[in-house]
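A.B. asks: Let the hints inform the model, and build the full structure from the sequences given.
Residue numbers (the numbering used here): 42 to 125.
Zero decoy hints are in this set.
What follows is a list of derived Cβ distance ranges for each label pair: (1) K72 x F118: 55 to 61 Å; (2) Q113 x E77: 53 to 59 Å; (3) N108 x Q43: 20 to 26 Å; (4) E77 x I97: 29 to 35 Å; (5) I94 x N47: 19 to 25 Å.
It is worth saying that the hints were derived from the structure and are not from the lab. Yeah, the Cβ is synthetic: ideal placement off N, Cα and C, and Gly gets one too.
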Amino acid sequence: MQKKYNNITSNLSDLEKSLSYLASNYALLSKVKNTEELLHYMTQIKQSLTNIINAIEPLNSNIVKQNKSVKQLPQIFNQQRDSK
42 MQKKYNNITS
52 NLSDLEKSLS
62 YLASNYALLS
72 KVKNTEELLH
82 YMTQIKQSLT
92 NIINAIEPLN
102 SNIVKQNKSV
112 KQLPQIFNQQ
122 RDSK
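C.D. replies: What follows is the structure in structure tokens.
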């Protein structure tokens, strides 16, 4: 359980860093002076978006697993009750 918590915390931290990096690169777009700079910042933004997706996917997976577990609770409860 602690490992799962640490993984979720790590994924949230990665997500926060990626969002911050995305915001700073997006803000710098207004100061672009040439196409090389534009390409550089657009590449950085693309990488930030990829990092955001990579941070969100495990979080989504954990949510799906938790939902499945919660949906099974009534069945587990009934089985335990019936076995008494």
